[in-house]
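There are 2 protein chains.
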Amino acid sequence: MKSGLGINVLMITRVIGFLLIVEGGFMFTGIPFSLYYCDKCYDLIYSGLITAGAGGLMMLIAWNPKNKNIGKREGYIIVSLTWVVISLFGTLPYLFSGAIPAFTNAFFETMSGFTTTGASILTDIESLPRGILFWRSLTHWIGGMGIIVLSVAILPVLGIGGMQLFVAEMPGIQPDKLHPRITQTAKRLWAIYLLLTVVQTALLLFGGMDLLNALCHTFGTVATGGFSTQNTSIAGYSPFIQYVIIIFMILAGTNFTLHYFALHGRFRRVWKNEEFRKYIYLFSIVTLLLTASLMLLRHEELELAFRESLFQVVSIITTTGYVSADYLLWPGILWMVIFLLMFVGGSAGSTGGGIKVVRQLLLFKNSGMELKRLVHPNALIPVRLNGKAVNQEIIFKVMAFFLIYIIIFAFGILVMSMLGLDFETAIGASAATLGNIGPGIGEVGPTGNYASIPVFGKWFLSFLMLLGRLELFTVLIILTPAFWKK
Amino acid sequence: MKSGLGINVLMITRVIGFLLIVEGGFMFTGIPFSLYYCDKCYDLIYSGLITAGAGGLMMLIAWNPKNKNIGKREGYIIVSLTWVVISLFGTLPYLFSGAIPAFTNAFFETMSGFTTTGASILTDIESLPRGILFWRSLTHWIGGMGIIVLSVAILPVLGIGGMQLFVAEMPGIQPDKLHPRITQTAKRLWAIYLLLTVVQTALLLFGGMDLLNALCHTFGTVATGGFSTQNTSIAGYSPFIQYVIIIFMILAGTNFTLHYFALHGRFRRVWKNEEFRKYIYLFSIVTLLLTASLMLLRHEELELAFRESLFQVVSIITTTGYVSADYLLWPGILWMVIFLLMFVGGSAGSTGGGIKVVRQLLLFKNSGMELKRLVHPNALIPVRLNGKAVNQEIIFKVMAFFLIYIIIFAFGILVMSMLGLDFETAIGASAATLGNIGPGIGEVGPTGNYASIPVFGKWFLSFLMLLGRLELFTVLIILTPAFWKK
Numbered sequence: 009m010k011s012g013l014g015i016n017v018l019m020i021t022r023v024i025g026f027l028l029i030v031e032g033g034f035m036f037t038g039i040p041f042s043l044y045y046c047d048k049c050y051d052l053i054y055s056g057l058i059t060a061g062a063g064g065l066m067m068l069i070a071w072n073p074k075n076k077n078i079g080k081r082e083g084y085i086i087v088s089l090t091w092v093v094i095s096l097f098g099t100l101p102y103l104f105s106g107a108i109p110a111f112t113n114a115f116f117e118t119m120s121g122f123t124t125t126g127a128s129i130l131t132d133i134e135s136l137p138r139g140i141l142f143w144r145s146l147t148h149w150i151g152g153m154g155i156i157v158l159s160v161a162i163l164p165v166l167g168i169g170g171m172q173l174f175v176a177e178m179p180g181i182q183p184d185k186l187h188p189r190i191t192q193t194a195k196r197l198w199a200i201y202l203l204l205t206v207v208q209t210a211l212l213l214f215g216g217m218d219l220l221n222a223l224c225h226t227f228g229t230v231a232t233g234g235f236s237t238q239n240t241s242i243a244g245y246s247p248f249i250q251y252v253i254i255i256f257m258i259l260a261g262t263n264f265t266l267h268y269f270a271l272h273g274r275f276r277r278v279w280k281n282e283e284f285r286k287y288i289y290l291f292s293i294v295t296l297l298l299t300a301s302l303m304l305l306r307h308e309e310l311e312l313a314f315r316e317s318l319f320q321v322v323s324i325i326t327t328t329g330y331v332s333a334d335y336l337l338w339p340g341i342l343w344m345v346i347f348l349l350m351f352v353g354g355s356a357g358s359t360g361g362g363i364k365v366v367r368q369l370l371l372f373k374n375s376g377m378e379l380k381r382l383v384h385p386n387a388l389i390p391v392r393l394n395g396k397a398v399n400q401e402i403i404f405k406v407m408a409f410f411l412i413y414i415i416i417f418a419f420g421i422l423v424m425s426m427l428g429l430d431f432e433t434a435i436g437a438s439a440a441t442l443g444n445i446g447p448g449i450g451e452v453g454p455t456g457n458y459a460s461i462p463v464f465g466k467w468f469l470s471f472l473m474l475l476g477r478l479e480l481f482t483v484l485i486i487l488t489p490a491f492w493k494k
Numbered sequence: 009m010k011s012g013l014g015i016n017v018l019m020i021t022r023v024i025g026f027l028l029i030v031e032g033g034f035m036f037t038g039i040p041f042s043l044y045y046c047d048k049c050y051d052l053i054y055s056g057l058i059t060a061g062a063g064g065l066m067m068l069i070a071w072n073p074k075n076k077n078i079g080k081r082e083g084y085i086i087v088s089l090t091w092v093v094i095s096l097f098g099t100l101p102y103l104f105s106g107a108i109p110a111f112t113n114a115f116f117e118t119m120s121g122f123t124t125t126g127a128s129i130l131t132d133i134e135s136l137p138r139g140i141l142f143w144r145s146l147t148h149w150i151g152g153m154g155i156i157v158l159s160v161a162i163l164p165v166l167g168i169g170g171m172q173l174f175v176a177e178m179p180g181i182q183p184d185k186l187h188p189r190i191t192q193t194a195k196r197l198w199a200i201y202l203l204l205t206v207v208q209t210a211l212l213l214f215g216g217m218d219l220l221n222a223l224c225h226t227f228g229t230v231a232t233g234g235f236s237t238q239n240t241s242i243a244g245y246s247p248f249i250q251y252v253i254i255i256f257m258i259l260a261g262t263n264f265t266l267h268y269f270a271l272h273g274r275f276r277r278v279w280k281n282e283e284f285r286k287y288i289y290l291f292s293i294v295t296l297l298l299t300a301s302l303m304l305l306r307h308e309e310l311e312l313a314f315r316e317s318l319f320q321v322v323s324i325i326t327t328t329g330y331v332s333a334d335y336l337l338w339p340g341i342l343w344m345v346i347f348l349l350m351f352v353g354g355s356a357g358s359t360g361g362g363i364k365v366v367r368q369l370l371l372f373k374n375s376g377m378e379l380k381r382l383v384h385p386n387a388l389i390p391v392r393l394n395g396k397a398v399n400q401e402i403i404f405k406v407m408a409f410f411l412i413y414i415i416i417f418a419f420g421i422l423v424m425s426m427l428g429l430d431f432e433t434a435i436g437a438s439a440a441t442l443g444n445i446g447p448g449i450g451e452v453g454p455t456g457n458y459a460s461i462p463v464f465g466k467w468f469l470s471f472l473m474l475l476g477r478l479e480l481f482t483v484l485i486i487l488t489p490a491f492w493k494k
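Sequence lines, in order, name chains A and B. The first sequence lines up with residues 9 to 494 when you count with our numbering. The second sequence lines up with residues 9 to 494 when you count with our numbering.
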């Protein structure tokens, strides 16, 4: 069946049905923790059955469509709808267990999980049943799995915001057909993702965490999510654990195709990647400046100042959002730096969100070139990335992306102000959800949460998380009338 | 004489020398007010003699250069240097009279005047000698004279930020040679500027102001400056006077070539200008929303709510910066709207500063088109302005302009935070000086001033005013190494 608009509805139903069955299956994985830690543990079983059942029903309805073709338009719809639908079903464990009784709150928390944002409406995380805490962190991990495939294999094909340039460099992948490309790429990326997960979990266990906490914090790290099982995030853990999390945040914020090269011993190829180099330079330089400032202004010891600086800087740049120190207690200029880092974002092809290092890099380079072009109006002065001239068309798309990002950010501030939030909180909430970071500034800062935001605000911020996570265009394009014309 | 870099230093000296003589001449015009209001009134005479004398000396040195050619590079240098040099000499009346004893403060106030910003370091304006107040407002008027010629005749030729498209529509002007074009255009524009000045002064006199106040407030209005002679800005004046100022702020924020058409009865041509229509729509719609909000939330009467809304909205959009109500006392969402309006700016070819209506218009339109382009990747979908397709190259330049504006704005926040300013004040000071508005938010809000900013901060903000006023590129290009290569 095709709709009157020429959209292959059956295939969309089929794909989303399949993904719901997968989601249901993931819900069952929390059952061991439910059984081990409590006696009343049917919530995850019920949720998993309903979710997988709904998915099965959808697949039955769309069992064997004549037309198996999934085009670009179906691609946009599947991607956007998937995040919404799995977030809707993902609320079930919260609702059944009563851990989050209000539907709005449960949806916010689930969307925050699947978009790897890490913004929470919970005021006492530690009071939640362990099985539910596991599910909460698992939403990050599932979201991260989706994102790396999306950003490396799907969005470049759809032609979103210059992505085709930044990540289409995985060897042996033919970008002509969507389906084989996704399968082939997904397997390699997930292998890397799984490897990171296993190694970090082992290291956290080695550092003294129990299995549940080790898994939850690993999920939150490799997906650059930020949900913790502790009310104080990572602040209460040992320096060893903090350093482990720092290293894996850095790895998770790196283009996953570079991990692929590194695992094949091609380190020169990794270092030749300009985005990677600038990403390393950026957090290193900012960390050194913050370390010196914390030592001077707050008389902290070298190691502590270094660890606090590095942790917060890496956590914000990669859009993870874990916290090991309340940066809002730092002198104004220092948390202003942290705030500005919210507009950097992870690397393209990583699980990190936000604007992305490579886009900011191109924007800064182009700004410099624009001055050169004024001096030599008749010369062709291209922006270079990895030593190669970048097509003007790509720069144009990157600038358009940034502009729409800023417009939505400003609109977000306006909506939050309209709901009565103060200046800092409105700015912080808009920046931290659109950038998929989690903690912002003001009342939604590192020690605050999103509990007190009005209901409408929670739905709006959930939408911002979705927009930011799907590189804006994937969602926005569906909202244009032109998209629905045959 | 040409410098080793091939720059015609003699002609630069000659032009700036000439402008200093003009500045000195303008200083003398304040003498009647000095004589009338005080007995110790030699400050303006001394200042004028020194300024004109220095200018004369410069012209003597560069009396009859063999090479009278002024190219683009000389153009950039003359424009940027002029604003700095006349601001340096413009401090003399403040320093000699002791009205502003500190050189940093005097320079900030003068730069704020000549860039038509209106940001002040004065805490008690009314205590200043009348002759000095006249000079202070006159710096606005001189600055405005410079700006309309610059934006209509000079910057388009230099190719700055898409200006060539927005304003090069004055009839009968040949853009091939810089010199005759400037003379011809300048005469027409100044006639309009003078007409606006005379009419507004007459109306303010009619409204009960004395000549000095009428002239000072007219200067501050038609130049979209914002310096008042009163500590409470325009708040203490009658509704009639407030409406007069509103109307002339609107006119001053309009493209001056449209005034030219209107004076020739070609009103259809005026209304066909899309930037003008969007400018009218924008402040009308925002005013209506604010009026309703003030009536609902602050229980103000219709006329007062309307007048307060219209005044503040028009004052901020046109970057004038006069104040008739303290918008920071309004509910958060309302002054957030005012804050966001700081990023609109006046029309291209007006005396208004900031990003400009037409640029924001193109940016918003292009953002919509970018989505359409994703739906139809092979179609050529141009942005249209005034019914005509706009070259991609222009959109590219406009986006680059906006990006550099945002980068400088963010850098400004960072520098202000580093000096210890709080979050709101740092943001407000950066936005209000770069946008040539004057009052911002926080401590530099409508009832505050820039007195408490540290010395380095005042110099930095003076630089932001210069950058914003000269459309960024005119100044930035001089700071690039490429500019100085032969």
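Worth double-checking, as some hints may not be accurate.
The list makes no distinction among identical chains, and a pair is therefore deemed to hold if it is satisfied within one copy or across any two copies.
DSS-like cross-link-like pairs, simulated, lysine-lysine; straight-line CA separation at most 30 Å [as the list claims (entries may be wrong)]:
id, residue 1, residue 2
1, LYS493, LYS286
2, LYS396, LYS493
3, LYS76, LYS280
4, LYS380, LYS76
To be clear, the hints were calculated from the coordinates, so they are not data collected in a lab.
Handout entry: Hints violated by the structure (listed by number, smallest first)
Key = 3
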